[in-house]
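Whole structure, please, built from the sequences with the hints as guidance.
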Amino acid sequence: MTRRQRRMMAVGALVVGAGTAVALALVAFQSNLIYFYSPSEVLAGELPPQARIRLGGIVEEGSVQRSGSDTTVTFRLADCEQAIPVRYSGILPDLFREGQGIVAIGTYDVQSGFSAEEVLAKHDENYMPPELEESLKDKAGTSCMPVANT
Amino acid sequence: MIPELGHFALCLAAGLALMQCVAPISGVVLRRERWQAMAWPLAVGQVVFTIIAYGALTWSFIHVDFSVRYVATNAHSELPMFYRISAVWGGHEGSLLLWVLMLGAWTLLVAGLNRSLPRDIGASVLGVMGAVSCAFLLFTLLTSNPFERLIPAPPEGQDLNPLLQDPGLIIHPPMLYMGYVGFSVAFAFAVAALISGRLDAAWARWTRPWTTLAWSFLTVGILLGSWWAYNELGWGGWWFWDPVENASFMPWLIGTALIHSLAVTEKRGMFKAWTVLLAISAFALSLLGTFLVRSGVLVSVHAFATDPSRGVFVLMIFGFFVGGALLLFALRAARFQVRQQLTLFSREGLLLLNNVFLSVAALAVLLGTLYPLFVDAMGLGKLSVGPPYFDAVFAPLTMPLVLLVGFASAVMWKRGDWSRLRRQSLIPIAVAIVVAVLMALFGVRGLGVSAAILLAVWCMAGALAEPLRITLRRSRVKMGRAQWGMTLAHIGLGVFVLGVALVNHGSIERDVRLVPGATTEFAGYAFKFVGVARDEGPNYDADVGTVEVSRDGKAVATLNPEKRYYRMGGNPMTEAAIDISPLRDIYVSLGEPVQGGAWILRLYVKPLIRWIWSGALLMALGGALAATDRRYRLQSRAARTVTAEAESVHA
Chain A
255 MTRRQRRMMA VGALVVGAGT AVALALVAFQ SNLIYFYSPS EVLAGELPPQ
305 ARIRLGGIVE EGSVQRSGSD TTVTFRLADC EQAIPVRYSG ILPDLFREGQ
355 GIVAIGTYDV QSGFSAEEVL AKHDENYMPP ELEESLKDKA GTSCMPVANT
Chain B
91 MIPELGHFAL CLAAGLALMQ CVAPISGVVL RRERWQAMAW PLAVGQVVFT
141 IIAYGALTWS FIHVDFSVRY VATNAHSELP MFYRISAVWG GHEGSLLLWV
191 LMLGAWTLLV AGLNRSLPRD IGASVLGVMG AVSCAFLLFT LLTSNPFERL
241 IPAPPEGQDL NPLLQDPGLI IHPPMLYMGY VGFSVAFAFA VAALISGRLD
291 AAWARWTRPW TTLAWSFLTV GILLGSWWAY NELGWGGWWF WDPVENASFM
341 PWLIGTALIH SLAVTEKRGM FKAWTVLLAI SAFALSLLGT FLVRSGVLVS
391 VHAFATDPSR GVFVLMIFGF FVGGALLLFA LRAARFQVRQ QLTLFSREGL
441 LLLNNVFLSV AALAVLLGTL YPLFVDAMGL GKLSVGPPYF DAVFAPLTMP
491 LVLLVGFASA VMWKRGDWSR LRRQSLIPIA VAIVVAVLMA LFGVRGLGVS
541 AAILLAVWCM AGALAEPLRI TLRRSRVKMG RAQWGMTLAH IGLGVFVLGV
591 ALVNHGSIER DVRLVPGATT EFAGYAFKFV GVARDEGPNY DADVGTVEVS
641 RDGKAVATLN PEKRYYRMGG NPMTEAAIDI SPLRDIYVSL GEPVQGGAWI
691 LRLYVKPLIR WIWSGALLMA LGGALAATDR RYRLQSRAAR TVTAEAESVH
741 A
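Chains as they are written, first to last, in the numbering used here: chain A, 255 to 404; chain B, 91 to 741.
Hints listed in this document are in silico derivations from the structure and should not be mistaken for laboratory results. Please note that a few of the clues may not be correct.
Beyond 10 Å from chain A on every Cβ pair, some chain B residues (computed) [said to hold, decoys possible]: (1) 102; (2) 112; (3) 138; (4) 145; (5) 231; (6) 508; (7) 520; (8) 525; (9) 540; (10) 615; (11) 616; (12) 622.
Sample of chain A residues with no beta-carbon within 12 Å of chain B, all distances over it, derived [stated by the list, open to error]: (13) 256; (14) 303; (15) 315; (16) 316; (17) 317; (18) 334; (19) 335; (20) 339; (21) 363; (22) 365; (23) 366.
Computed beta-carbon distance windows for the label pairs [unchecked claim]: (24) A:298 with B:638: 45 to 53 Å; (25) A:263 with B:471: 41 to 49 Å; (26) A:272 with B:505: 21 to 29 Å; (27) A:268 with B:471: 29 to 37 Å; (28) A:361 with B:469: 24 to 32 Å.
For glycine and all other residues, C-beta sits at the position ideal for the given N, C-alpha and C.
Spelled out as structure tokens, the structure:
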């Protein structure tokens with residue numbers, strides 16, 4: 255092999271390698287994008303089937319129920335218009351409370367509601383994820399969020 | 091009175107910083123020696139006034155002066171002294187001031203230790219650092235003045251965020267900032283090289299210790315953040331691919347690449363333009379990290395709830411420095427081109443691969459962090475990128491890196507020697523295979539985990555091989571601190587990878603519901619839940635649980651996880667209880683009470699998790715050791731005598 259051929263081989267290997275890497279990365283990237291939805295959007299049937307999503311809303315007052323036998327908890331997550339039942343098993347974050355804005359990650363099913371794998375509540379009482387704040391405005395653009403009690 | 095003095099000192103510091111930038115740089119461009127020489131006194135003056143301002147804010151905190159708005163929102167009269175001092179950087183305004191103070195510390199170090207530099211280079215470096223100081227001082231003064239008064243003063247403050255009342259978090263931000271800000275030194279050196287058009291081995295030798303030191307601080311900062319999240323957030327994880335974590339990790343990756351490419355620039359005079367580009371990128375990513383955290387555009391644990399004007403200001407700073415430096419780079423980089431043959435099978439060839447992998451890894455993290463922001467800005471929807479993406483991309487990128495590390499000392503500069511490589515890597519390979527097989531026999535099995543063990547042990551054994559050989563042969567060659575530092579850091583990487591592999595492979599977690607007196611069996615341990623009692627802390631009340639852990643009837647530990655309720659803030663805080671040992675952690679955190687007097691508890695058993703932080707600590711120590719190598723000090727002493735002689739000749 256001449257030096258030139260060897261160099262071409264090296265360049266070719268580099269291109270193939272980099273191409274594979276980029277392709278793999280993009281596949282991983284595509285399959286791990288998690289979109290944010292509000293309860294109304296979910297109930298309007300905007301979800302692709304089986305999609306893993308982030309669902310954001312306010313925990314409805316009086317809706318939190320702990321199971322009597324295991325670690326399951328159910329509650330309703332609401333935006334300005336609608337609410338969705340959510341099921342989760344395990345410890346809820348410290349800032350999880352009724353009337354508090356939270357984000358749940360999981361999947362939605364028409365029969366059983368939303369089953370959450372993860373529940374996120376932010377660590378600052380005054381802090382609201384921007385996407386959640388956005389989705390908690392009604393059509394007139396005014397916020398329907400309960401005022402934080404300070 | 092004191093806060094006004096602080097405010098005034100801050101204004102003076104900003105003015106001096108502006109002069110510290112303008113005088114020396116115009117001096118370099120116009121070749122005025124006197125203007126260049128002004129860099130040193132101006133830098134010292136700027137830092138002194140910054141220190142005064144910082145001291146004034148600390149004074150206001152110690153005396154809990156609630157007529158200062160920032161103190162009123164971040165302190166409480168019952169706050170212990172320890173936390174009063176650290177509360178200075180507990181919020182946005184004060185942490186910016188800390189940023190500027192750290193920059194001042196670096197400026198003083200550079201001004202004091204780099205007198206041996208040719209005057210124009212030294213002056214440009216201080217000038218660029220002055221520009222950075224000036225930008226951030228203006229940012230503080232114009233958008234986030236910590237000395238703003240609150241009249242009438244409230245009778246009581248709102249207290250420091252309970253999450254920040256933890257020793258780990260007291261030192262996390264200063265360390266992280268030392269790292270972020272430290273990259274401004276490398277950036278300043280890069281810009282100085284671009285201005286002067288000179289970039290040689292001496293330049294690389296001056297830049298190396300600073301970069302390595304900044305990198306070490308950043309490593310410690312990230313490690314503390316991870317350790318704190320593990321202790322404090324109650325989720326039992328050590329890394330979440332949270333956007334703000336990524337924001338600190340990207341400059342770390344690029345900084346690591348920079349350290350290695352600087353070695354090539356020094357030893358072989360290659361990769362010059364690339365090194366300069368990396369130095370610019372490392373600082374750019376530090377600024378980007380600051381922007382992401384400050385602007386509130388991110389959905390994150392760390393996001394300060396701030397107004398957008400601050401984000402715009404940081405973005406302007408970012409545009410000015412990065413845009414300016416890249417423009418300069420475009421105009422001047424062609425000068426640094428070298429025509430030299432590069433063989434892949436040589437140390438510089440392997441370091442090139444190292445740089446490729448590290449840069450691609452940083453780009454992958456950048457993509458995952460910025461894409462959601464981009465999509466949002468375009469109005470295309472709200473989305474986030476899940477941790478599985480990062481895991482999937484990261485493993486294939488880091489595995490080859492760890493493999494490369496094992497070759498570090500066995501492949502020579504210019505051209506590697508196959509027979510030498512074969513001779514030297516035989517034992518490390520054998521050790522790696524034996525360990526991986528033994529671990530598999532003891533039940534640690536699986537393609538991924540075995541491969542990771544193999545690579546980690548190969549990396550450690552390969553790093554140890556050279557010092558062992560030198561010691562055993564009683565060779566005349568002595569290893570310098572730089573080499574020991576490298577050895578230590580590479581062993582640290584191996585320890586880290588081993589920790590990550592075993593934590594990912596062997597962690598077991600379970601959420602259980604227990605009534606007092608009940609026992610649950612889990613991962614070979616028995617957990618007996620004794621009950622929960624009420625306790626009182628200095629500024630909080632707590633529910634303290636008691637869990638007795640035993641194995642085969644023998645007591646292992648008694649753990650007391652807490653749920654704290656701070657009297658000022660309504661939000662409870664989970665304090666996990668952890669039984670620590672080198673080989674495994676047992677982690678219990680208290681959930682909430684449920685019907686029938688039962689509680690929900692989260693139990694974890696995590697093998698080797700301490701190795702993750704130990705490995706990172708070894709890397710940082712290695713970096714610090716390497717930065718203090720005699721070579722760098724000797725050089726400055728030698729240069730100083732030369733300058734002194736030259737001056738006496740002129741006189």
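Each hint, compared with the structure:
Look at residue 102 (chain B): its CB is around 34 Å from the nearest CB on chain A, clear of 10 Å, so calling it non-interface holds up. A cut-off of 10 Å between C-beta atoms confirms that residue 112 (chain B) is not in contact with chain A; the least separation is 39 Å. The non-interface label for residue 138 (chain B) is consistent with chain A: the shortest C-beta to C-beta separation is roughly 35 Å, beyond 10 Å. Non-interface call for residue 145 (chain B) relative to chain A: holds, since the shortest CB-CB distance, roughly 28 Å, exceeds 10 Å.
Chain A leaves residue 231 (chain B) outside its interface by the beta-carbon criterion, the shortest separation being 25 Å against a cut-off of 10 Å. No beta-carbon of chain A comes within 10 Å of the beta-carbon of residue 508 (chain B); the shortest separation is about 17 Å. Residue-level check passed: residue 520 (chain B) sits 29 Å from the nearest beta carbon of chain A, beyond 10 Å. With a least beta-carbon separation of about 29 Å from chain A, residue 525 (chain B) lies farther than 10 Å from that chain, consistent with its non-interface assignment.
Against chain A, the non-interface label of residue 540 (chain B) holds: every CB pair exceeds 10 Å, the least being about 21 Å. Even its closest Cβ contact with chain A, about 19 Å, leaves residue 615 (chain B) beyond 10 Å, as expected for a residue assigned away from the interface. The Cβ of residue 616 (chain B) sits about 19 Å from the closest Cβ of chain A, beyond the 10 Å cut-off, so the non-interface label holds. Residue 622 (chain B), annotated as away from the interface, keeps every beta carbon of chain A farther than 10 Å; the closest lies near 15 Å.
The Cβ of residue 256 (chain A) sits about 15 Å from the closest Cβ of chain B, beyond the 12 Å cut-off, so the non-interface label holds. At roughly 18 Å from the closest C-beta of chain B, the C-beta of residue 303 (chain A) stays outside 12 Å, upholding its exclusion from the interface. The non-interface label for residue 315 (chain A) is consistent with chain B: the shortest C-beta to C-beta separation is roughly 16 Å, beyond 12 Å. Its beta-carbon lying about 16 Å from the closest one in chain B, residue 316 (chain A) satisfies the requirement of being farther than 12 Å from that chain.
Residue 317 (chain A), annotated as away from the interface, keeps every beta carbon of chain B farther than 12 Å; the closest lies near 16 Å. Against the 12 Å criterion, residue 334 (chain A) stays outside the reach of chain B, whose nearest CB is about 17 Å from its own CB. The beta carbon of residue 335 (chain A) is kept farther than 12 Å from every beta carbon of chain B, the shortest such distance being approximately 18 Å. Every CB of chain B is more than 12 Å from the CB of residue 339 (chain A) (nearest about 19 Å), matching its label as outside the interface.
Against the 12 Å criterion, residue 363 (chain A) stays outside the reach of chain B, whose nearest CB is about 20 Å from its own CB. For residue 365 (chain A), the shortest C-beta to C-beta distance to chain B comes to about 25 Å, beyond the 12 Å cut-off, and the non-interface label holds. Its beta-carbon lying about 20 Å from the closest one in chain B, residue 366 (chain A) satisfies the requirement of being farther than 12 Å from that chain. Checked against the given bound of 45 to 53 Å, the beta carbons of residue 298 (chain A) and residue 638 (chain B), roughly 52 Å apart, stay inside it.
The given range of 41 to 49 Å is respected by residue 263 (chain A) and residue 471 (chain B), whose C-beta atoms sit roughly 44 Å from each other. For residue 272 (chain A) paired with residue 505 (chain B), a C-beta distance near 25 Å keeps the hint of 21 to 29 Å intact. At about 36 Å, the beta-carbon gap between residue 268 (chain A) and residue 471 (chain B) stays in the expected band of 29 to 37 Å. A C-beta distance of roughly 26 Å is found between residue 361 (chain A) and residue 469 (chain B), which places it inside the suggested range of 24 to 32 Å.
Checked against the numbered hints listed earlier, the structure breaks none of them; every hint is satisfied.
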